[in-house]
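S.K.: Spelled out from the first residue to the last, the chains are:
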Amino acid sequence: MSTFKLQDCHKQTLKDICTSFNNNPGELISVLHKTQSEFGYLPEAIQREIANNLKISVAKVYGVVTFYSFFTMTPKGKYPISVCTGTACYVRGAEKIVDEFKDQLKIKVGGVTEDGKFSLDCLRCVGACGLAPVVLIGEKVYGRLEAHQIKGILESYE
Amino acid sequence: MGNIKVKIDNIEVEVKRGSTIYQAAKQVGIDIPVLCYMNLNHMQIENRPGGCRICVVEVEGRRNLAPSCSTDCFDGMVVKTKSIRVLNARKTVLELILSDHPPKCLVCSSSGKCDLQELAQRFGIREVHMVENAEVSTYRKDASPALNRDMDKCIMCRRCETVCNDVQTVGALSAVNRGFMSVVAPAFEQDLVDSPCTFCGQCVAVCPTGALTPYDDTPMIIRALADPTKTVIVQTAPAVRAALGEEFGMNPGTLVTGKMVSALRSLGFDKVFDTDFAADLTIMEEGAELLDRITRYVNGDKEVKLPILTSCCPAWVNFFEVYFPDMLDVPSTARSPQQMFGSIAKTYYADLIGVKREDLVVVSIMPCLAKKFECQRDEFKVNGNPDVDYSISTRELASLIKAANINFDKLEDEEFDLPMGESTGAGVIFGVTGGVIEAAVRTAYEVFTGNKLNRINFEELRGLAGIRTATIYFGETPIHIGIAHQLGNARKLLNGIREGRYNFHAIEIMACPGGCIGGAGQPLHHGDSSVIKARYEAIYKEDTGKAIRKSHENPYIIKLYEDFLGKPLSEKSHHLLHTHYFDKHKI
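Chains A and B, in that order, are what the protein sequence lines are. By the numbering used here, the letter at position 123 of the first sequence is numbered 123, and the numbering carries on one by one without gaps. Quick note: to get the numbering used here, add 158 to the position in the second sequence (first position is 1).
Derived from the structure by calculation, the hints contain no laboratory data. Heads up, a few of these hints could be off.
[As the list claims (entries may be wrong)] The calculated lysine to any residue pairs, modelled on SDA-like cross-linking and capped at a C-alpha distance of 20 Å, are: (1) B:K699 with B:E618; (2) A:K117 with A:L136; (3) A:K55 with B:G654; (4) A:K55 with B:G646; (5) A:K76 with A:E44; (6) A:K55 with B:I655; (7) B:K742 with B:M485; (8) B:K610 with B:Y631; (9) A:K106 with A:Y157; (10) A:K55 with B:R649; (11) A:K78 with A:K106; (12) A:K55 with B:D324; (13) A:K5 with B:Q348; (14) A:K55 with B:K742; (15) B:K742 with A:E44; (16) A:K5 with B:F346; (17) B:K742 with A:A45; (18) A:K55 with B:M485; (19) B:K184 with B:T239; (20) B:K650 with A:I56; (21) A:K76 with A:V141; (22) A:K55 with B:F346; (23) A:K140 with A:G86; (24) B:K429 with B:T505; (25) B:K742 with A:I56; (26) A:K34 with A:N53; (27) B:K650 with A:L54; (28) B:K742 with A:R48; (29) B:K249 with B:Q275; (30) A:K108 with B:N335.
[Unchecked claim] Distance ranges between label pairs, derived from CB positions: (31) B:D324 with A:S20: 23 to 31 Å; (32) A:T3 with B:R220: 47 to 55 Å; (33) A:T3 with B:H732: 39 to 47 Å; (34) A:D115 with B:D741: 38 to 46 Å; (35) B:K699 with A:S20: 53 to 61 Å; (36) B:G633 with A:K11: 46 to 54 Å; (37) B:H738 with A:N23: 28 to 36 Å; (38) A:E139 with B:D741: 47 to 55 Å; (39) B:L510 with A:T3: 55 to 63 Å.
Every residue gets a Cβ at the ideal spot worked out from N, C-alpha and C, and that includes glycine.
Based on the provided sequences and hints, a complete structural model is requested.
M.R.: Laid out in structure tokens, this is it:
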């Protein structure tokens, strides 16, 4: 998970982000937001560097990262999969869909495949309840999905 | 500003604007139960996240119940603290907490000292209606040489977080995760030994449950005492005698030196010695180092490192190794009294009585949890055999005495054994903030000037203010001294030095409030500063009552140098009584 190695250029990027918020510890959430949009996720080394820049304890940074579900410490795959588990999708079998993805990819929800190709997450309602159950892969939407279709869909991604 | 009037349970009370309902109630003797709330008066630190909701009360005109610890009074407020609605709500809150708490109270090391258990008793909880799977462990246990974390028992009061961050500025702990999984932990949920934790243990001292507990070596000591092939000797730190009595219902500040010695002898220790002896030895070495640096400085040596920092407090040593690695050459290299004792015991004393190092077991009774960590450091071992085998706290000694069926009140006073039980008043005052530096001054003054001191008490170095400064004249030479207790104050002082704002020759630092008397291994004082004050006065009383009050006049210390060490800072001293520090910067 924390195989991420901090390079000098990364340090500079983080320094710039923190400076843009005046190194103010009160702006920690904004700093983390910006950083995640830059790096895709928030590995340990990055959190330590942010704590260093803002002069706060790394435990505090980690506390905020783990509190907000938006922040993630695992990188997203090349094709991030989001299964809607909102009410409508749930009653129309979203759970079976999630299980099928887990079986096919051999990862947990929140995980990423070893080759970094797919990551799997759940989200709550994409506003397309008429198409329930709904799955997003990258920007593409799959509606009225059934478990047996999943293998084929995954194979269509290179 | 100005005062406002509120009515609590039909009692009129006038309070300062900005007071909470809890404070107002306290003023008229109404004791609202609290759990997460903590008030450490002497540190001006309050923890009131308003999270546990045990302290809820009814406020007229307000729809929901209000947490009294974090709700401000307003003029004309009418409060009910014991209506049926309030009592039912408190019971429900307790049941909810208990539904997610392991039910094995009987075998919990905090049993009998647990705030949650006490509340469950007070509210007569006999059944928990909401049953979560509280028996199933959700968190990995974390064991360190000083303290254990069992987060299944954490109720998220966050007192430890407040102490670790706001008081000690260590920053090892923070609330992490959310919902049922939320818990107080180091970053990345690492073990404490991999975090910046200093093992000061102040988090343990405020934990209301058994989530944070000391690592306890008592069973190993019992085993050693029962082993006929082992010679088991014990040393007692200065602060222990001023607090141990509290565990047996005595008033804070009762000195129980003689009873403590008698209890230890009756527990079966072969010899009962005193860490104060080693404190005198520390003064010989640290004082010599101080004088060496000052003399070189006075003679114009630009290389000399000043100020010299004391190094007796193991939590403080851990703190500067993590946070001030650029200043590792500033502290004195003298080992702490605990470790000097162990080192001398396993060389000089072992030879004296003709016992092999491996067959001599050295136990220490300390007011401290960081001492447990310190005695396990690799640099204090010879071929894997530690100089001090086991360190237990004042509270753990009290438990051992109770378990052994010793009637502490009725014990006759006894004397320490010789040679390592003889000590001076200077050794005793190591237990309070300012004491180490006063002890050093008593000796350094006489050595530096060649004159006898007219007075022995240095009032200007005493007191309980967090940071203190004073100038003492060694003849014509002014010596500037800084003193800090609690690591947050230490950090302020050190930052000042880094930035060149201070110009001290010597600095004493203690990690705990009031010094060792407020250590995390002492009977719990719950933020009551009068307890600290009473222990503080007891220590100076013990000092005043001593026949000899300057370390260099201790006849057994003089003999130790004549027979074994040579002189302070000799090669042998360096080998046995000094140490070196490591860069443990962790960010």
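S.K.: Output the indices of the hints that this structure fails to meet, ascending.
M.R.: Hint check: nothing fails, all pass.
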